[in-house]
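Peer 1: Please build the complete structure, drawing on both the sequences and the hints.
Chains A and B supply the protein sequences, listed in that same order.
All residue numbers for the first sequence refer to the numbering used here, where the first residue is 1 and numbers rise by one.
All residue numbers for the second sequence refer to the numbering used here, where the first residue is 1001 and numbers rise by one.
Hints are computed from structural coordinates only; laboratory data are not their basis.
Keep in mind the model is a prediction, meaning the values are calculated, not measured.
Backbone N, C-alpha and C define an ideal beta-carbon position, used for all residues, glycine too.
Among these hints, one or two may not hold up.
To be verified - Partner residues are not named here, just some residues of chain B that face chain A (Cβ under 7 Å, in silico):
| id | residue |
| --- | --- |
| 1 | Leu1063 |
| 2 | Ala1195 |
| 3 | Gly1197 |
| 4 | Phe1201 |
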Amino acid sequence: MAYSFDWLFLWDSLPSMFAAWGRTVLISIIGIAGALVLGFLGGWARHKDVPRLSGLLAAYVEIIRNIPHLLIIMFLYFGLPDMGLSLTSFMSACLALSLIGAAYNIEAMRAGFAAVPANYVRASRALGMTARQAFTSVIVPNGVRIALPSLGNNSVGLIKTSSLMMAIGYPDLMATVVSEVSLTFRVAELFLVMGVMYLITISIASQLFAQAERRLAFQAA
Amino acid sequence: MDHAWIAPVASFMVDSFWINIALALLTLCTSLLLGILLGTLSTLKMAPVQLAIRAYVDLWRGLPTIFTLFLVFFLLPLMGIHVNAFVAAAVGLTLWGSANISEIARGAIQSIPATQHRAASALGLNNRQKFIWVIIPQAMRRMLPPLVSFLAHLIQNSTLAGLIGVTEILAAGKYSIGRLTIEQGQPHAAAIYAAAGFAFFLICFPLSRWAMRLEKKLVV
Chain A
1 MAYSFDWLFL WDSLPSMFAA WGRTVLISII GIAGALVLGF LGGWARHKDV PRLSGLLAAY
61 VEIIRNIPHL LIIMFLYFGL PDMGLSLTSF MSACLALSLI GAAYNIEAMR AGFAAVPANY
121 VRASRALGMT ARQAFTSVIV PNGVRIALPS LGNNSVGLIK TSSLMMAIGY PDLMATVVSE
181 VSLTFRVAEL FLVMGVMYLI TISIASQLFA QAERRLAFQA A
Chain B
1001 MDHAWIAPVA SFMVDSFWIN IALALLTLCT SLLLGILLGT LSTLKMAPVQ LAIRAYVDLW
1061 RGLPTIFTLF LVFFLLPLMG IHVNAFVAAA VGLTLWGSAN ISEIARGAIQ SIPATQHRAA
1121 SALGLNNRQK FIWVIIPQAM RRMLPPLVSF LAHLIQNSTL AGLIGVTEIL AAGKYSIGRL
1181 TIEQGQPHAA AIYAAAGFAF FLICFPLSRW AMRLEKKLVV
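Peer 2: As structure tokens, then:
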């Protein structure tokens, strides 16, 4: 293997890599937040079995889960203009991550809400809570707590999905490093640094979700 | 409305969809071989082996899959191995796939009760015979549901090969869109991507359903 490491050259690449890392983190945060909000709302609609909407959401979940993420990303960027809606690559990236994550989170939240024992709701109604109060202070906290491990997994998965944005020309970490490699041919150094950056991002995200889980865990009486 | 554009695009995309299927099936075989081997080894009590397999599994499962594909695509030529993009994609997907199957296999093997191990030993089987004739056949049945949903996932991930230059269905779609834009001023992108999505759904949805049914049957 006639490859000699050249770490000094990295010095020149680092600023653009850090900027690209920032863009990866930015679209990931927006995507994760959007997916959590949509997942919560959709999961609730699925749980309440809202007529029509619930069936539509079930179909949405199955469709998104059974077609490649890359296809969804490309459809939103290249396909939507056909239908009169042109998005920038940044907007497409954020929208794609939100919509993909939403499908997985709807399923997690639906299961979470379903796992809240019906007796909790009856008990809170017996205590004189209104339906709204029972929802906000009994069903939501318990359902979210149950769904949290899956929500965390889905969110970490979105960070990995964010690495596909080169397909629509958004300069995230992966796209930036790949174009840098084709200019400099310093594969090992660049990929090592990029791998570390992805692993750091992913482990911070999973730590945050693990921490939320610990903080919200049922306190043993 | 002129529909003449459809036939050539459709035949190009069907041809390239076979590349997705071929890539997924090839990768399934290599990942099964490597993954079951690694998964079995990781249930044996050998600390260095376990540690090495743990690192392998965490690395290829933890990194984005497209990272692995590009790494292989760029590194193999530097190591003096010149292969086309299809082979590079197969190797990259195999690293990711074998890491996943290794976890599936490990879980299945560890779910076989200890009494089975003891009974096999009592019958005078040695360690290797015990795994080949008693443990792995039973574990295989438990592996089936997660393996089926893994296959659905693998078929979807075969589109990543398009990013390293394999003319799979999404790449074919992109070329077609480019050509239609130039020749006819009308990309038809939404229709092309919707058709590709339909093709994936047609294969992956039954697989996901089948996986779910198998899982339910196993629980009972």
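Peer 1: All hints are to be evaluated individually against the structure, with a verdict given for each.
Peer 2: To see whether the hints hold, each was checked on the structure:
1. Taking 7 Å as the C-beta cut-off, the interface hint given for Leu1063/B holds, the closest approach to chain A being about 6 Å.
2. With a least beta-carbon distance of about 11 Å to chain A, the hint placing Ala1195/B at the interface is violated under the 7 Å criterion.
3. With a least beta-carbon distance of about 4 Å to chain A, the hint placing Gly1197/B at the interface is held under the 7 Å criterion.
4. Nearest Cβ of chain A to the Cβ of Phe1201/B: about 5 Å, under the 7 Å cut. The hint holds.
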